[in-house]
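K.L.:
Listed below, chain by chain, are the residues.
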Amino acid sequence: MADAPHALSAAELGRRLAAGTLTSRALCEALIARYQTVNETVGAFTYLDQADVLAQADASDARRKAGQGRGPLEGIPVAIKDNIAVKGQPLTCSSKMLAPLVSPYDSHVAERLRAAGAILYGRLNMDEFAMGSSTENSAIRKTFNPWDLARIPGGSSGGSAAALAAGLVPLSLGSDTGGSIRQPASHCGVVGLKPTYGLISRFGLVAFASSLDQIGPMARSIEDCELLLNALSSADARDMTCFGPSDRALTPAGDAKKLRIGIPKGFLGKGVAPEVAAAVNAAVEFYRAQGCAISEVELPSADLAVPTYYVVATAEASSNLGRYDGVRYGHRSASAGTPVEMMTASRSEGFGPEVKRRILLGTFVLSAGYADAYYVRALRARAKIRSEYLAALAGVDVLLTPTVPTPAFKVGEKASDPLQLYLEDIFTIPANLAGLPAISVPCGKSGHLPVGFHLVGAPLSEAKLLAAGRLFEAAHGFAHQQAAL
Amino acid sequence: MAEGFDIDHLAKLARLSLTAEEKALYSSQLNQILGHFQALAEADLPATIDDARVVNEAALRSDEPGPVLGAEAVTRIAPASRDGQISVPRVVDDES
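These protein sequence lines are chains A and B, in that order.
Each residue of the first sequence is one higher than the last, beginning at 1 in the working numbering.
Each residue of the second sequence is one higher than the last, beginning at 1 in the working numbering.
Treat the hints as calculated values from the structure; they're not laboratory data.
Partner residues are not named here, just some residues of chain A that face chain B (Cβ under 8 Å, in silico):
#1 L101
#2 P104
#3 R328
Using N, Cα and C, we set each Cβ at its ideal position, and we do this for glycine too.
Hey, can you work out the whole structure from these sequences and the hints?
P.N.:
Laid out in structure tokens, this is it:
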């Protein structure tokens with residue numbers, strides 16, 4: 001079982017493919033067999049075209065045989081969150097609004113994966129339009145946490161994290177607007193990285209809140225996460241916020257044992273479950289014992305992060321989702337009437353409750369008479385939060401906190417209380433507001449439920465975050481962990 | 001802080017049609033969320049938002065035509081189309 005393809009890392013699969021002891025077809029057939037027995041229980045995937053996967057695998061094997069292999073991801077399946085465009089595959093954002101849509105084009109990251117020889121392997125469930133922290137807002141199906149099927153996997157990239165923890169795929173892509181890669185990674189015991197804003201092109205990512213959204217890699221180990229990050233990261237003129245060729249060099253990792261680690265004051269206090277605090281404190285002590293310099297840092301405006309985020313993100317969402325009017329693509333109501341009636345009916349039928357709630361909130365904070373009190377003040381608070389983070393990161397290399405205050409909660413537990421759900425993101429949101437890279441690394445368990453710690457670094461310090469994660473991972477048993485299913 | 005909150009007006013601006021139950025639910029939830037935003041009203045904030053620029057300076061590209069989706073690809077994903085064009089409900093009346 002430990003040698004079965006679904007139990008192996010992407011790096012190890014790559015070595016076996018290169019050595020000729022495994023073919024991409026055999027790998028994909030094994031994963032499809034796993035999908036057929038496990039996906040119905042976990043609900044990670046919403047779509048998998050098995051014939052297309054095997055055709056891609058055969059093409060990869062043929063390239064390799066001809067000596068035209070494209071690198072370390074050649075022949076390796078990567079599953080993709082359903083808000084990232086892959087030509088010829090559904091692009092639904094787990095919404096009724098986009099249920100009929102098949103993408104007519106590839107996102108930049110899909111192009112990058114094809115160029116690297118990877119297999120574009122299926123569509124992963126998510127909260128509708130990436131709005132949520134539990135994947136309960138999907139209009140397609142529920143996804144369950146592979147470690148405890150009565151609990152949520154986190155969200156909005158819940159399918160991406162659950163697919164990894166269930167051994168359905170070795171690598172996945174998520175997107176992260178306020179924690180949507182890192183929070184499900186923590187809940188499912190996998191690694192999730194949100195890159196520096198601008199490192200990975202957003203071309204072909206369905207927009208939620210454009211100044212916060214980033215695509216990022218998810219994997220069962222730091223090594224695999226880095227492999228995928230390297231494949232995705234490249235300049236792209238179609239996203240004007242994506243770093244150009246000369247601006248994107250990462251800060252060198254340096255010696256992880258000499259990292260200066262800042263612990264934000266008060267972050268391990270109120271609201272953090274004791275088991276989570278204990279696991280994160282143990283990680284801090286591990287780094288101290290390795291020789292890292294640990295110090296306490298002040299982030300006085302941390303309490304403003306959640307309200308600031310929910311003003312900025314909903315304002316941008318209300319604008320971005322204005323494009324869903326039933327005219328050019330997506331759902332159009334059958335009750336035609338006037339154009340305005342058609343648009344109103346299409347939107348009302350197509351959007352689910354959380355999306356409507358956020359559109360209404362975003363419309364309010366931008367509306368005449370309220371924009372100065374809400375939206376403009378939120379932008380000023382964002383400036384303050386960003387300057388405090390950059391000031392703290394001038395004195396330390398990384399900031400360490402829990403990723404999420406509590407382990408995964410039960411399905412339905414917070415469904416009727418949106419504010420409680422918003423507070424899930426309290427530790428992850430500041431990195432999006434400040435455009436900083438951040439990673440969730442598995443660091444323990446609360447009972448049977450995974451717990452992760454969270455590292456935030458200065459812009460373009462991804463290599464340091466990965467090096468810090470690798471140091472921890474090498475000394476603990478959490479790499480490559482999968483739930484027993 | 002949420003005085004003047006008018007769910008009917010918001011729904012109209014957002015082009016959403018809400019049932020009475022939805023109006024009651026969203027009004028209550030938005031009031032609760034806006035109450036949480038009170039911290040923003042009370043915070044001591046910088047006067048400018050200049051250094052909030054997480055987004056890089058706009059990288060402008062040359063104004064040259066690039067690849068686009070053709071009419072066939074666009075109409076294939078449209079909810080309704082005719083003669084290579086997207087159909088919509090009548091916008092202008094027949095009356096002259």
